[in-house]
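Chemist: As given, the protein sequences belong to chains A and B, one line each in that order.
Numbers given in this note's numbering equal positions in the first sequence, counted from 1, plus 1.
Numbers given in this note's numbering equal positions in the second sequence, counted from 1, plus 57.
Think of the hints as simulated: they come from the structure by calculation, not from any bench.
The C-beta atom is built at its ideal place from N, Cα and C for all residues, glycine as well.
Just to be clear, a hint being listed does not mean it is correct.
Just a few of them, taken from the derived set where beta-carbon distance is under 8 Å, the chain A residues facing chain B [said to hold, decoys possible]:
id : residue
1  : A56
2  : L60
3  : T63
4  : I160
5  : L256
6  : I293
Just so you have them, the derived chain B footprint on chain A, three or more residues with Cβ under 8 Å [said to hold, decoys possible]:
id : stretch
7  : 18-30
8  : 123-131
9  : 134-144
10 : 151-157
11 : 294-307
12 : 312-320
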Amino acid sequence: MTLLKEYIAPRFAQWLVVIFVGVTLTFLIPRLSPINPVDQAMARLQSQQRMDPNAAQVLRNTLQDLYGVKGNIFEQYVAFWKRLLRGDLGPSFLAFPTPVIQMIGVAIGWTVGLLGTAVIISWLLGIFLGSLAGYFPDRWWSKVLEQSLVTVYPVPYFILAFVLLILFTYYWPVFPLVGGGRGTPAFTWDYISSVLHHAFLPALSIIVGATAFRFTMAKALASTEVSSDYVQYAEMAALPKRKILFFYVIRNTMLPHVNDLALSLGSIFGGALITEVVFSYPGLGYTLYNAINAADYNLLMGITLLSIVGIATASLLVDLCYPLFDPRVRYR
Amino acid sequence: MLTTTRDLLRYSPSFRAGAIILVFVLLFVVLSFFSPYAQDERRVVPTNKPPSSEYILGTSATGQDVFWMLTFAVRNTLMVAGLAVIIGRSIGVVLGMISGYVGGTLDRVLSSLADSFIVIPVLPLLILIASLLRGQITLLSLGLLIGFLDWAYPSKRYRAQVLSLREREFTHTAVFSGMSTLRIVLQQHLPFLIPYLLADAVSGFLFAIGFEVTLSVLGLSDMNMQTIGTMIYWGNYYEALLANRTWVLVAPVVASIVIVIGFYQASIGLSQFLDPRTRLAHLQVKG
Chain A
2 MTLLKEYIAP RFAQWLVVIF VGVTLTFLIP RLSPINPVDQ AMARLQSQQR MDPNAAQVLR
62 NTLQDLYGVK GNIFEQYVAF WKRLLRGDLG PSFLAFPTPV IQMIGVAIGW TVGLLGTAVI
122 ISWLLGIFLG SLAGYFPDRW WSKVLEQSLV TVYPVPYFIL AFVLLILFTY YWPVFPLVGG
182 GRGTPAFTWD YISSVLHHAF LPALSIIVGA TAFRFTMAKA LASTEVSSDY VQYAEMAALP
242 KRKILFFYVI RNTMLPHVND LALSLGSIFG GALITEVVFS YPGLGYTLYN AINAADYNLL
302 MGITLLSIVG IATASLLVDL CYPLFDPRVR YR
Chain B
58 MLTTTRDLLR YSPSFRAGAI ILVFVLLFVV LSFFSPYAQD ERRVVPTNKP PSSEYILGTS
118 ATGQDVFWML TFAVRNTLMV AGLAVIIGRS IGVVLGMISG YVGGTLDRVL SSLADSFIVI
178 PVLPLLILIA SLLRGQITLL SLGLLIGFLD WAYPSKRYRA QVLSLREREF THTAVFSGMS
238 TLRIVLQQHL PFLIPYLLAD AVSGFLFAIG FEVTLSVLGL SDMNMQTIGT MIYWGNYYEA
298 LLANRTWVLV APVVASIVIV IGFYQASIGL SQFLDPRTRL AHLQVKG
């Protein structure tokens, strides 16, 4: 009972606060702007066809209802929450009248597949290389590895992706420029290999950047661990180096890594905007980009909300799982 | 301050490398004030010329000299980043110090607000705002925006610092000798935060440069101004790659890489100097 009261409840409360702040921000921001989505939608429709004033008024009412901009700001806010709790994010404007939730559903598969794989690969690779370099700091390969990764690490992700795109689709065209796959989705080798082929470059760009980050962190963590007494003792006892590295050093540095893995998996739901835009990959990020260009507020808000809920939930889960991963963490 | 800088230059190779790069970057910024053309002036030189002795980095499709464009771009990008850093760190310092020194309910409210801002993903939010303001956004407001969304993590660090400073002897001495709270915080505690502020400012710079480039490349910033991001945007817009005019794109890409590496190397030296542990904390800032 104390566990529930003193550990779980405060973290759950923090989760609710995060969601509340996030939802409120996404509610307020579009309403503080001078642009009225209903007026904009009306203008766009009326530029395409003439409409008699009565029909226009009916349409305006319907749109106001759909976009949830009826009444004063408090009524709108309450209505916004009500719709949200029903899982209704309103219609998309880009592909009217497809509901936003359905568009997100189509895109999310691509994003989760691409990012999930890339995040896990870079996580494993970064921890492995970083701990290795932290355990053997004086070898030439660890110095080369560190220097090159430290140079890559601060480069803005867009630049990295853009350079890769130019190199491998233009100067040496081995990878396709756009898209997520060829042909109709099916469990055939043709389709699956085309999906892998399309995903390779975007995944590589994420893996390079994320591995560099994970490497620097893993190395710093491992090098403090290496100097601790128990590792020295294990070395004096002439345990195999491999065993010391994997079962002593890496194991004891895992906690922050696990924490970060969960957070990066949570942030997947925002979509990798830049990756997907640069490589025209048909996931959430690309949908978000299209929504921006078409001023599709419902879709924009839907994806923003999804990413906030995703990351907040991931950090809640991390917090709740902490005592399981590390018995040293006692609930406070 | 001067001796610190001298020691850093002497003993930290990464700080030295970073400092040299940053001096060159600054030189570039100074050079922009001597440009023969205004930054939005078009069709002043022949279009689409490759790099030559006359036009060191070539010319663009709109008839601008890429070298002078780049000097403006570096200046503007650094200005946006600088503004963002100043705004973000000021909010961070003020809220962190208040919440650390006053404590109690106010501390709990401010801390959970900061926690929420750490968790909330910044990029989608920034894009939402920028796309709503499209066409009206200026470099000034871009810097403000990035600053307003990047204060939470530094603020938590300052709070932690002030929490420990509050319990130190000299704070009690100051309180008992009747110093006002404001003066204690400003005169006694603020100087302790300055090293952390410096390290944070550098990582803030990296963060803001990344955002500026990203937003501009998506066409969400002030597209009439020269920044590193808008240079890439217009380069793509006029199909520099297809027409094999890569110099238009190479210049901003290389410039951005050099700038961030300069800042990053300097920050590594700085944070190792401060405390080996802050290095870890520093890395986590950018997760």
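Chemist: Are the hints correct? Go through all of them and say.
Modeler: Results of checking the hints against the structure:
1. A56: Violated, because the Cβ-Cβ distance from A56/A to chain B comes to roughly 29 Å (cut-off 8 Å).
2. L60: 23 Å, violated
3. T63: 23 Å, violated
4. I160: 6 Å, holds
5. L256: L256/A check fails; min Cβ-Cβ to chain B is 13 Å, beyond 8 Å.
6. I293: Holds, about 4 Å.
7. 18-30: holds (count 7)
8. 123-131: Result for this restraint: violated, n = 0.
9. 134-144: It is violated, with 0 qualifying residues against the three required.
10. 151-157: holds (count 6)
11. 294-307: holds (count 5)
12. 312-320: Satisfied; 3 residues make the cut.
Checked against the numbered hints above, the structure breaks hints 1, 2, 3, 5, 8 and 9 and satisfies the rest.
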